[in-house]
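S.K.: One letter stands for each residue in the lines below.
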Amino acid sequence: MPMNNEKRMHPAAILILFFTRLREFIVPLILIFVVGGTGGGFSFRWLLPAFIVFFLITSIFNWLFYKYTFNETELHIKHGVFVKKNRYIRRKRVQSFDVTAGILQRLFGLVKVKIETAGGGGEPEVEMVALEKVEAQNIKQQLLSEPGTDEEGVNSTNEEREITADEQVTGRSAPVGPEVRWHLPKSHLLLMAVTSGGVGLVFSALAALFSQFDQFIPTHVYENTIGFFLASSILFILLLIVVIAFLAWLIAIGLTLIKYGRFKVEKKGDDLIVSRGLLERRQLTLKTYRITAVRVVISPLRQPFRFASVYVESAGGGSQEEQGSTLLLPMVPFRSLEKTVQHFVTDFPIERPLTSLPRRALLRYLLRSAGPVFAVALGASLFVPYGAWSFILVPVALALGWWRYNSGGWTLDESESYVLLQSRLFQLARVSVPRHKIQDATYARTVTQKYRDLAHFSVAVLSTAAGKTFQVKDLSEDDARSIHSWYSYRPTSFNQKREDEEE
Amino acid sequence: MRSEPSEKISKKALPVWRLKGAIESLFFAIVPIGYYFLYEGVGWPEWLLWVLIVGWVFLSFVQTFIIPSVRWRRWRYEVLAEEIDIQYGVFIVRRVLIPMARVQHVDTEQGPIYRRYRLAAVSISTAATIHQIPALTDEVADDLRDQIAGYAQTADADE
Numbered sequence: 378m379p380m381n382n383e384k385r386m387h388p389a390a391i392l393i394l395f396f397t398r399l400r401e402f403i404v405p406l407i408l409i410f411v412v413g414g415t416g417g418g419f420s421f422r423w424l425l426p427a428f429i430v431f432f433l434i435t436s437i438f439n440w441l442f443y444k445y446t447f448n449e450t451e452l453h454i455k456h457g458v459f460v461k462k463n464r465y466i467r468r469k470r471v472q473s474f475d476v477t478a479g480i481l482q483r484l485f486g487l488v489k490v491k492i493e494t495a496g497g498g499g500e501p502e503v504e505m506v507a508l509e510k511v512e513a514q515n516i517k518q519q520l521l522s523e524p525g526t527d528e529e530g531v532n533s534t535n536e537e538r539e540i541t542a543d544e545q546v547t548g549r550s551a552p553v554g555p556e557v558r559w560h561l562p563k564s565h566l567l568l569m570a571v572t573s574g575g576v577g578l579v580f581s582a583l584a585a586l587f588s589q590f591d592q593f594i595p596t597h598v599y600e601n602t603i604g605f606f607l608a609s610s611i612l613f614i615l616l617l618i619v620v621i622a623f624l625a626w627l628i629a630i631g632l633t634l635i636k637y638g639r640f641k642v643e644k645k646g647d648d649l650i651v652s653r654g655l656l657e658r659r660q661l662t663l664k665t666y667r668i669t670a671v672r673v674v675i676s677p678l679r680q681p682f683r684f685a686s687v688y689v690e691s692a693g694g695g696s697q698e699e700q701g702s703t704l705l706l707p708m709v710p711f712r713s714l715e716k717t718v719q720h721f722v723t724d725f726p727i728e729r730p731l732t733s734l735p736r737r738a739l740l741r742y743l744l745r746s747a748g749p750v751f752a753v754a755l756g757a758s759l760f761v762p763y764g765a766w767s768f769i770l771v772p773v774a775l776a777l778g779w780w781r782y783n784s785g786g787w788t789l790d791e792s793e794s795y796v797l798l799q800s801r802l803f804q805l806a807r808v809s810v811p812r813h814k815i816q817d818a819t820y821a822r823t824v825t826q827k828y829r830d831l832a833h834f835s836v837a838v839l840s841t842a843a844g845k846t847f848q849v850k851d852l853s854e855d856d857a858r859s860i861h862s863w864y865s866y867r868p869t870s871f872n873q874k875r876e877d878e879e880e
Numbered sequence: 087m088r089s090e091p092s093e094k095i096s097k098k099a100l101p102v103w104r105l106k107g108a109i110e111s112l113f114f115a116i117v118p119i120g121y122y123f124l125y126e127g128v129g130w131p132e133w134l135l136w137v138l139i140v141g142w143v144f145l146s147f148v149q150t151f152i153i154p155s156v157r158w159r160r161w162r163y164e165v166l167a168e169e170i171d172i173q174y175g176v177f178i179v180r181r182v183l184i185p186m187a188r189v190q191h192v193d194t195e196q197g198p199i200y201r202r203y204r205l206a207a208v209s210i211s212t213a214a215t216i217h218q219i220p221a222l223t224d225e226v227a228d229d230l231r232d233q234i235a236g237y238a239q240t241a242d243a244d245e
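Here the protein sequences come in this chain order: A and B.
Basically the working numbering = 1-based index in the first sequence + 377.
Basically the working numbering = 1-based index in the second sequence + 86.
The shape of chain B in the complex, shown without the other chains:
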């Protein structure tokens, strides 16, 4: 049995994901708020309102505090001369192998939030799929991109 991929992503992913989780939770608040108007206007039962509020609080807590930590702990990657090995997922843990010879191009991406935290994501494209390693520090991301591009080129030449 093979062990987990060796590298972890930056610990700075946590605040970014927590922020994202919190923003998403705000969005879900629309359910209890919407129900509140039904309760006021049409007179739907009150107990369901409390159920929805408690549910929303619980969901927000899970989304902002628990899921980001689990996700961070799961996320691992390893780049070898022959292939890229990644592992991720909260409820479903996926383990993906991408041979270097199949890599078509690599990009680094950085959105506004990532820029604040000096983070970047590395996208790896094959002819059929795109995979992204999120939340790497700028330097690691750049190195990784160059490293993969280099390996991919030699793998191509070998075939």
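Bound-form chain A, shown alone:
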């Protein structure tokens, strides 16, 4: 490639970089400003303009010195003002391709591109904040298009090669238009917003905000209000809490609608393209063969409506708020769950009858969830007035323990190449993992479990930030052992298991 092919981002990048930086520093800046206002003496008022000029200059330099070229095999990025850095992203290494259009980008009709390769922590390897849509599309085409001659894949890890080989056997798919498409219906989106768990989060934020009010309200108003509060009944305070909760609920609904509006999933060849968002549009492209696990999550609020969410684990692509996973299907009715999932990630079995936990595990589940609550309640009843009321929570915790016990389970699929593990913290989570994507398998036994023939079992898979571990607690020890030897690569153990089954 000739060097004169180097390109810069769209000049709007300067503005976007500038605003991003300003946003990161706005709180400390305001603090300095406020302190400086009362402090006098030293001229703090020069500080804010100085920062703004500094940010502007660094943004201009960053844009000026950020150049990229790309061709069929790699993307080359040169950046750095004083220390020149070169980064080469090889096509074979690309794990995920993320295109977002934030509000700033939308003003200029631009998009932001994030590219992740295998390994290397949470930060994406490439982040280009301002590109023309066409340009982003071109880069994506170059880096993600179906490999024409990928036979020299020496550098790809064994996992990748293994699956590509499989894909070629099961049928080559020509990448012409999306083969499967799924979108979130408006009614489901609304139900999702109404049942979202974000309420608690917004509620605590609002409560914190309300409690900070006293700092901004003049003292006499404040004192009057306190007097009013003391005079009014506990009923009024309860009413206030209900109002705040309702407000929080409305805000949470709004946030969900904005974040997950126009949710769409497409499959083109090996690519899974997930798009979402009303204000900030995010488009994520994943390779299906990089998916290491499929996780079905059913929140208690959505269980009565018989809806589930589906997440996938893969190296790269996961977002922070989803703990490094990728939300593939936000709301799917139970009845079409397996079918819908199979459209996008074939072979991952979802609905299989599970082997439940043995009866003797129940006691441990009850103790685990009610024990700490009981201890805290005991402490509260001794030292806090009306603390004994907290014993009300003990039956609740017992019920939760029973629910968790009832939710736990495991099975192998009929081909014995996948393991399904199910457990519940509050939400029910069922994970489906193919044997060849499991990085290690552990079974663990505490001293007390030993006498009851119980054991925990867990598997680790590759995920965005690092590994992710899925565990089921208190399986019968025989079951834990049998999954463990199912996973074992030792030739004899596999035979041994077969023999056991025949007996």
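If you're looking for bench data, these hints aren't it; they were derived computationally from the structure.
Mixed in with the good hints, there may be bad ones.
Unchecked claim - Which residues of chain A face chain B? A few of them, derived with a C-beta cut under 7 Å, are:
(1) V557
(2) Q816
(3) D817
(4) T819
(5) Y820
(6) R822
(7) T823
(8) T825
(9) A837
(10) V838
(11) Y866
The structure presented is a predicted model; accordingly, all values stated were derived computationally and were not measured.
The beta-carbon is built from N, C-alpha and C at its ideal position, and this holds for glycine as well.
With chain A fixed as given, assemble chain B onto it according to the hints.
M.R.: Using the frame of chain A, we list chain B on its own:
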């Protein structure tokens, strides 16, 4: 049912772990010492001070003498051509299987205390997790590292 992994780690792990346990115990002494000042200054009850001291002595004894022995007895490993099988843990006994084809790299590590005792630890990394076999003699650690690296390579080629 499969039997325990065959290999044990070096017996020299015991003095190292005892030393570690003792140092950690010193750190925990901060609880009774801190309470002593509350007892002197604010006049908190004396009996609790004795409870804390006895508790600390007991904890230190367990940490320096009992736990290292149990840990050493539990620690076992076995390296086969197909997989690595390890078992460890004092209160929770874990049994981990790592297939050779999943091993990304192996390292040997040696801190200042380990060097004194001519010990080394072998770290095994997969794409998702890292496992460490502690306290092997230098020679065993080096051999094990080379052996795992060799097996991992053949396992990769086979897949």
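S.K.: Identify whether the interface hint at T819(A) stands, where standing means a beta carbon of chain B within less than 7 Å of its own.
M.R.: 5 Å, holds
S.K.: Measuring from the C-beta of V557(A) to each C-beta in chain B, is the shortest one below 7 Å?
M.R.: Hint on V557(A): violated, closest Cβ of chain B at ~28 Å, above 7 Å.
S.K.: If you take the shortest Cβ to Cβ gap from T825(A) to chain B, is it below 7 Å?
M.R.: 9 Å, violated
S.K.: Grab the minimum C-beta distance from R822(A) to chain B and call the hint holds if it beats 7 Å, violated otherwise.
M.R.: At about 5 Å, which falls below the 7 Å cut-off, the nearest Cβ of chain B leaves the hint on R822(A) intact, so it holds.
S.K.: Does D817(A) meet its interface restraint, that is, does its C-beta lie within less than 7 Å of any C-beta in chain B?
M.R.: Where the cut-off is 7 Å and the nearest Cβ of chain B is about 5 Å from D817(A), the hint holds.
S.K.: Answer holds if the nearest beta-carbon of chain B is closer than 7 Å to that of A837(A); otherwise answer violated.
M.R.: 5 Å, holds
S.K.: Does V838(A) hold up as a contact with chain B if the rule is Cβ-Cβ below 7 Å?
M.R.: Because about 6 Å separates V838(A) from the closest Cβ in chain B, which is inside the 7 Å limit, the hint holds.
S.K.: Once the shortest beta carbon distance from Y866(A) to chain B is found, is it less than 7 Å?
M.R.: 4 Å, holds
S.K.: Given Q816(A) as an interface hint, is its Cβ closer than 7 Å to any Cβ of chain B?
M.R.: With a minimum Cβ separation of about 4 Å from chain B (threshold 7 Å), the hint on Q816(A) holds.
S.K.: Does Y820(A) meet its interface restraint, that is, does its C-beta lie within less than 7 Å of any C-beta in chain B?
M.R.: With Cβ-Cβ at 5 Å, under 7 Å, it holds.
S.K.: Against chain B, run the beta carbon of T823(A) and see if the smallest gap drops under 7 Å.
M.R.: 5 Å, holds
Taken one by one, the earlier hints fail for this structure at numbers 1 and 8, listed in ascending order.
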